[in-house]
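Student: Order-wise, the sequence lines are chains A and B.
Taking my numbering, the leading residue of the first sequence gets 1, the next gets one more, and so forth.
Taking my numbering, the leading residue of the second sequence gets 359, the next gets one more, and so forth.
Treat the hints as calculated values from the structure; they're not laboratory data.
Warning: the hint list may mix true and false statements.
[Said to hold, decoys possible] In silico lysine-lysine, DSBU-like type, Cα no more than 30 Å apart, as pairs:
no., chain 1, residue 1, chain 2, residue 2
1, A, Lys337, A, Lys311
2, B, Lys373, A, Lys330
3, A, Lys9, B, Lys362
4, A, Lys295, B, Lys393
5, A, Lys337, B, Lys394
6, A, Lys330, B, Lys362
7, A, Lys123, A, Lys36
8, B, Lys360, A, Lys325
Computed from a prediction, not measured in an experiment: that's the story for all the values here.
The primary structure of each chain is shown beneath.
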Amino acid sequence: MELLLNLLKIYSPSGKEGKISEFIASELNRLGFNVKVDEVGNVEASLGTGRPHVLLCGHMDTIKGFIKPRIRGRVIFGRGAVDAKAPLAALICGAKKFSEVNEKGKITILAVVDEEKNSTGIKHFLNRCNEEYDYAIFGEPSGAYGLTIGYRGRLLFKISCITESGHASVPQFFENAIYLAKDVINELQMLEQRWEGLEKERFWTPSLCVTKIRGGEYHNTVPSHCNMIIDVRVPPMMRNDVEREILSALEKFLKTEKVSISLLDECEPFLVQENSELIEAFVQAIREIAGVDCKFHRKTGSGDVNEFIKKFNIPCVVYGPGNSKLSHTKKENISIKEYLESIEIIKNALIKLFQKWH
Amino acid sequence: MKLKCPECDGDINVKDVVEGEILTCDDCGVELEVKKNSKGNIELKVAESEGEDWGE
Numbered sequence: 001m002e003l004l005l006n007l008l009k010i011y012s013p014s015g016k017e018g019k020i021s022e023f024i025a026s027e028l029n030r031l032g033f034n035v036k037v038d039e040v041g042n043v044e045a046s047l048g049t050g051r052p053h054v055l056l057c058g059h060m061d062t063i064k065g066f067i068k069p070r071i072r073g074r075v076i077f078g079r080g081a082v083d084a085k086a087p088l089a090a091l092i093c094g095a096k097k098f099s100e101v102n103e104k105g106k107i108t109i110l111a112v113v114d115e116e117k118n119s120t121g122i123k124h125f126l127n128r129c130n131e132e133y134d135y136a137i138f139g140e141p142s143g144a145y146g147l148t149i150g151y152r153g154r155l156l157f158k159i160s161c162i163t164e165s166g167h168a169s170v171p172q173f174f175e176n177a178i179y180l181a182k183d184v185i186n187e188l189q190m191l192e193q194r195w196e197g198l199e200k201e202r203f204w205t206p207s208l209c210v211t212k213i214r215g216g217e218y219h220n221t222v223p224s225h226c227n228m229i230i231d232v233r234v235p236p237m238m239r240n241d242v243e244r245e246i247l248s249a250l251e252k253f254l255k256t257e258k259v260s261i262s263l264l265d266e267c268e269p270f271l272v273q274e275n276s277e278l279i280e281a282f283v284q285a286i287r288e289i290a291g292v293d294c295k296f297h298r299k300t301g302s303g304d305v306n307e308f309i310k311k312f313n314i315p316c317v318v319y320g321p322g323n324s325k326l327s328h329t330k331k332e333n334i335s336i337k338e339y340l341e342s343i344e345i346i347k348n349a350l351i352k353l354f355q356k357w358h
Numbered sequence: 359m360k361l362k363c364p365e366c367d368g369d370i371n372v373k374d375v376v377e378g379e380i381l382t383c384d385d386c387g388v389e390l391e392v393k394k395n396s397k398g399n400i401e402l403k404v405a406e407s408e409g410e411d412w413g414e
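Put together the whole structure using the sequences plus the hints.
Tutor: Here is the structure:
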């Protein structure tokens with residue numbers, strides 16, 4: 001509990017993780033881990049040697065908006081109580097408890113920066129990482145009795161609309177780049193509605209959202225530039241089809257050369273088979289500790305695991321206490337019972353996993 | 359009538375509720391189901407929820 005409360009007390013919005021990075025490094029050092037802090041502030045801490053080698057990765061940053069940590073009734077309020085300091089603290093405590101009853105194999109805790117914005121932490125780690133891992137557990141709120149086994153992928157596009165500018169007093173003689181962007185958005189909305197009309201489970205349905213837009217140059221000039229960003233979420237195995245549909249929907253605009261589209265970023269969808277031995281270890285642990293069946297979640301968003309699987313083709317799972325509906329809200333809080341149970345579940349799952357090797 | 363949220367002890371005003379109704383605690387966001395105990399009094403229990411999970 002103390003670790004979680006101390007993490008919650010340190011305000012750590014993305015980009016300002018210095019203080020919390022120092023705290024986590026110091027704490028892991030005190031717990032007996034071999035600790036390294038990299039150039040961007042990621043903290044990497046290991047115990048043991050040999051195989052299997054399990055990576056437990058959580059993120060230390062949160063969204064903006066501090067919530068004063070406090071215990072009230074059976075819950076703890078605080079920014080990051082759900083997303084994702086409680087999952088990170090649970091991974092640390094679960095791993096430490098496991099190491100007290102196990103001497104074989106290796107555990108690495110990785111606390112990364114900037115998961116909430118650009119995933120620069122995990123990207124930086126993956127660029128320099130030469131280690132081999134056998135399993136990876138990512139700390140995000142799945143609920144203590146649940147596992148997240150799927151995230152949609154993401155394509156981030158920039159669409160630029162460029163026209164000839166002119167005096168705003170005679171708008172009828174000049175094409176307005178903002179109005180052109182409006183027509184592009186209308187076309188994209190119709191595509192979105194066609195996808196919604198498929199009436200499939202949301203995880204298996206693509207979606208798109210215009211997330212940023214900027215246009216116009218002067219208050220008395222017909223706008224000649226308008227740029228927008230669209231965030232597209234992609235189910236497994238649909239990446240090329242989705243891109244094709246977007247290009248097809250915008251074909252009439254792209255032909256005019258006044259509209260162009262470019263891919264800014266992408267991450268892979270993540271979907272794991274329910275019968276992997278990593279999943280099985282958690283399913284058994286949840287049954288043993290909590291006496292309930294594990295719930296499997298396929299989420300509509302994305303996480304750092306999407307970046308990780310570009311490089312590592314190993315069994316991965318996403319686990320952590322917390323109700324993700326409270327993520328990013330003013331009411332963010334975690335059940336104390338759920339948090340403490342999740343620590344035992346992580347310890348128990350690691351025991352079962354390592355037993356398969358020794 | 360005022361009841362306490364079983365999770366965060368926050369105050370919840372209940373009026374004209376029926377058994378099985380789902381309320382949300384304004385303080386902690388937990389979903390609560392209205393139940394009647396053996397004495398016929400209204401109480402609130404954390405609801406089993408199957409809602410959509412948007413993820414991160």
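Student: Each hint needs a verdict: does it hold in this structure or not?
Tutor: Here is what the structure says about each hint:
1. A/Lys337 with A/Lys311: violated, 36 Å
2. B/Lys373 with A/Lys330: holds, 26 Å
3. A/Lys9 with B/Lys362: holds, 27 Å
4. A/Lys295 with B/Lys393: holds, 25 Å
5. A/Lys337 with B/Lys394: holds, 25 Å
6. A/Lys330 with B/Lys362: holds, 20 Å
7. A/Lys123 with A/Lys36: holds, 17 Å
8. B/Lys360 with A/Lys325: holds, 26 Å
Taken one by one, the earlier hints fail for this structure only at number 1.
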